[in-house]
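**Student:** On the provided structure of chain H, position chain C as indicated by the hints.
Chains as they are written, first to last, in this note's numbering: chain H, 8 to 629; chain C, 8 to 629.
These aren't lab readings, by the way, just hints derived from the structure by calculation. The structure displayed is predicted, hence computed values, not measured ones. One should not assume that every hint holds.
Pairs involving identical chains hold if they fit within one copy or between any two copies, as the list cannot separate such chains.
[As the list claims (entries may be wrong)] In silico DMTMM-like cross-links for lysine to aspartate or glutamate, where the CA-CA straight-line distance does not exceed 20 Å: (1) K478 with E495; (2) K613 with E595; (3) K464 with E595.
There are 2 protein chains.
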Amino acid sequence: MSLTDLLFGKPLASYEDRTERISAIGGIPIFGLDALGSAAYGPEAALTLLIPLGAAGIHYIIPVSCAIIALLGIVFFSYRQTIDAYPSGGGSYTVASQNLGPFMGLLAAAALMIDYVLVVAVGISAGVGALVSALPGCQPYTLHICMATLVVITMVNMRGVRDTGAVFLLPTYLFVICLFAAIAIGVLKTIISGGHPTPVVQAATLGPAQGAISWWLLMKVFSSGCTAMTGVEAVSNGVKAFREPRRQLARHTLTIIIAILILLLLGIAGLCSAYGIGASEAGQSGYQSVLSQLIGAITGKGWFYYVSMFSILLVLVLQANTSFADFPRLCRAVAENGYLPYAFAIRGRRLVYSFGIYILAFLAGLLLIIFGGVTDRLIPLFAIGAFLAFTLSQAGMVGHWMRKKGALSKSSVLINGLGAFATAITVVVVIGAKFWEGAWITLLLIPGLMIFMTGIKRHYSRVARAMVGPKVLSAADLLPPLVVVPIEEWNKVSQKAVRFALTLSHDVIVLQIDAGEKKENLANKWADYVESPLKNASLPAPELVTLESPYRYVVLPILDYVLELEQMHKDRQIAVLVPRLVANHWYENFLHNQRGTILSALLLLKGNQQTVIINVPWHLSA
Amino acid sequence: MSLTDLLFGKPLASYEDRTERISAIGGIPIFGLDALGSAAYGPEAALTLLIPLGAAGIHYIIPVSCAIIALLGIVFFSYRQTIDAYPSGGGSYTVASQNLGPFMGLLAAAALMIDYVLVVAVGISAGVGALVSALPGCQPYTLHICMATLVVITMVNMRGVRDTGAVFLLPTYLFVICLFAAIAIGVLKTIISGGHPTPVVQAATLGPAQGAISWWLLMKVFSSGCTAMTGVEAVSNGVKAFREPRRQLARHTLTIIIAILILLLLGIAGLCSAYGIGASEAGQSGYQSVLSQLIGAITGKGWFYYVSMFSILLVLVLQANTSFADFPRLCRAVAENGYLPYAFAIRGRRLVYSFGIYILAFLAGLLLIIFGGVTDRLIPLFAIGAFLAFTLSQAGMVGHWMRKKGALSKSSVLINGLGAFATAITVVVVIGAKFWEGAWITLLLIPGLMIFMTGIKRHYSRVARAMVGPKVLSAADLLPPLVVVPIEEWNKVSQKAVRFALTLSHDVIVLQIDAGEKKENLANKWADYVESPLKNASLPAPELVTLESPYRYVVLPILDYVLELEQMHKDRQIAVLVPRLVANHWYENFLHNQRGTILSALLLLKGNQQTVIINVPWHLSA
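Isolated chain H (complex conformation) (with noise of 0.2 Å):
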């Protein structure tokens, strides 16, 4: 157990739930690292759009990236109503299946199960490919290094919440201090410079313009755009494990995490246009990222430029985290009603939703392992999830405030509603300017998803059907079972075995096989061992019953004989009785027949309501 403890931590109490709540400091690089971390990678994916339009095309990322802010906005006045409207936890999954039913609510669950999972396998691997471009020796090792920090990342949640902020914290602010601080100084030395700042390292030079921009072209870079908004539903998915109050703290949260976002973009965007930076091809030699040839050109590459993308590529492989923090939240809340197993309800040991947290490791273990830790084409699949869930969640909010019909409500409509409209629209443009590139996939992966959760509550009814009935306990009909006893050998166990079926009912059946090995036959001696001493107590005798077995299978015979027996005693309960034998040691178990696990296994499994197995267990060390 102590190892456990050492990896894990200790197990926590239900009643220290409390003090495993979290603050606001603590929430953001919980809640906002994959918000943050989108920062990184979005104006990349625009830009790189861009390219075929020279340096004419940089100056598009600006009004580009307002339009991201502009629903960056909406969306965050979107959140910040659903956090009030639900202050225990209102993911786009319980607000769409509350208000708009419950097919609704299971297309949001897929849509976001299928993105957090996509955000593990895609920060993991963008975080350990930047380490190993600037590591060439670590290439042969990418799905090593992969594999190992995902690892790390599950164990650190095993742990819990408020341990999770601990370890995040730092990486999260050394990221946004480092971008501010380079913003800041390139927004500087632009106003000095009156709008035309000298880099200090020359950035890639872009070639000439290949083409001309269109309305097209604007929507795809739109749309890869969006990938920087991915992950800013995190907060009011994850209310209930704020510290109260809780609200606030959650609002707070959120609005710190979208107020840096935009900050972010808009600085990256304006410099970029000002330094005249532009995104170089992937895979290309000498290609670099969009934010090392900024930081580059605004501080030169010093230890700040050094330190500033250390904290890039740790963001991008943490990013993942949110994932962690939320999959499990979202898994609860859908298990909660029934559409996936119970064990991701169940708390574990350290009071976290440790099923969610395992099946999240392993499926995106397992794109990893697939994709060789190179998840590249992955990106293109995983925004859609996202909005179709943004969308879903303030839909469902207009609903919410529609039957709440009062005066506050009626802004709030708006509001949700604008933001419904607004992700609506961006779902379709990001469908229709992904779709060959991957879109199609997660188009699949989503109703695949829901009729899977739909099989799933299908048998959690049927069963919870079956088993309701009247609550008052019938007394009638209390029959003692017929037992029955297989037998290998007349030894203290089988002597064991026999007289507990005695004490359990009169009509007792000792069975033995005969299976033409040698083997004492017990018919012979059965009046001497058996009846007589029973009848000098004036206690009714067990009935010896020998099975022929010319295969010399053991089980299947006792098997097909207690079956038979349920045909012909159908208002009787059936005891077969098996004697175990149990040894001091697990190898032991090697030199002893499991025939007792086997035949008990399969008369679970094959037996009817009649049939009842009780183990007798005979313990060697006594």
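**Tutor:** Showing chain C alone in chain H's frame:
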């Protein structure tokens, strides 16, 4: 089941046993393959050590072969007597343990077991090695081919003895006919040419002499050549597998095998000497095996050469089969004396000792994997076991005759005594000559295996002692058990469990766990749901006990409670009644917690003789 039948044959009833017995013609491939296949590497191993003597060294092969053949003759007469004395199978193990005591028996068994495993690994890898040097394209798949061969041999053996014979008949007789034909032609050519035949294909030229002959070198040559004798004990070990009249058929089979082997050894030695063929250094470029050179020199490299080489290759691979016939029989004999798990003594569906076959395949596969299918370095390990077993077997026969004290037994004592003496000296010579090349490993493994088997015997004896007692059943103190019913919720499942408990005993305790999660508290409804209906039926009501579980564990508090009850009621059986949900499909089990399974397993392990586990299943299908 039909796939199993197709692969392994239909199950055979015990009364079909006799039809699986074999004839002399069928016995030669089954029990002779190992001995005959040895002719392909025994002379080669001897000649390899003569390489330093150059061309002059070749002629020493004749006296060495004569010595080996003399030894073979002695061993032959010894084993003939063993077959007569032990018609039900007189392997070295049986003979040594019955006449020299269990210690010597175990020594023989351990030596043989190691030898059998080595024969399988060495045989397969040598055969595949020959194939691979003929077809260099297969080189990268050496291990795969080895493992595939092992699987095929294992499956063929699982079908049973007679089928095995059919598969191995053709290659064995092809091998014998080819070698006999080549030897006959060679002898004829030698006689016609007056003792100096001209090779059709010139053999490799031998280097100049680099050393002189010495007794030490001759001893090493002799002990390497003795590998040609491994496998001759197989017939005496498997007498039981022959058709009636057993003894005669077994004796005939042994005689034919030994006669063929002697002719092969003599022919190969004489012709090598006549044609001036020596070994070439294995692993060097231009390497050719002695038999390849010899057949090439006699007949040229036409179709006959290739057919012969192919048959040698097949026999090398298939000689592993002798071990598959013998290892399970040896293990059965050892297991019947309690020195190995009983599973070795149980006949499988095809009347073979399946467990022994699996274990042999597993161990040989392990060796093949560890050595990557190249097991040349294992060869020095594997004559010791065989000769140790020969010695013990014949010493045992001496003991056997001594106790008989008849007129006939004097010559018998002499024959077996000579056999024991000659093979004992061989063991010493082999150990001395090969100690540092690997014999030390065998010398460590043998006592290790003996200690292991003694441990098993000790365990079985302890269990047997613990289980015997008075045969007459005690009718005293037949008290109904104290029944504990842990329930999760109050529904049909738990009601069925409580009702069943009430049929068993008047002392029933219903246990519910309060883990602080939302759950109805049964305590408030107990009187309505349970007590009053039972009171109306004039039945005693069970007691309700609620256990607090702050750490949300469910199974552990129940276990602790039961263990406490055991202490409090030392005179009673405690029956724990575990309600079990049984799903229709295996995958549905993932949707339900497996606490019932875990609780049952823990109670079995941690409980004492008082605890009994009752599984009351609830079948969802019903």
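**Student:** When no copy is named, should K464 and E595 be tagged within, between, both, or neither for a Cα gap of at most 20 Å?
**Tutor:** between (43 Å within a copy, 12 Å between copies)
**Student:** Treating 20 Å as the Cα threshold, decide for K613 and E595: within, between, both or neither.
**Tutor:** between (29 Å within a copy, 16 Å between copies)
**Student:** Reference check for the pair K478 and E495, CA-CA at most 20 Å: within, between, both, or neither?
**Tutor:** Between copies only: 14 Å across chains, 42 Å inside a chain, cut-off 20 Å.
Checked against the numbered hints given earlier, the structure satisfies every one of them.
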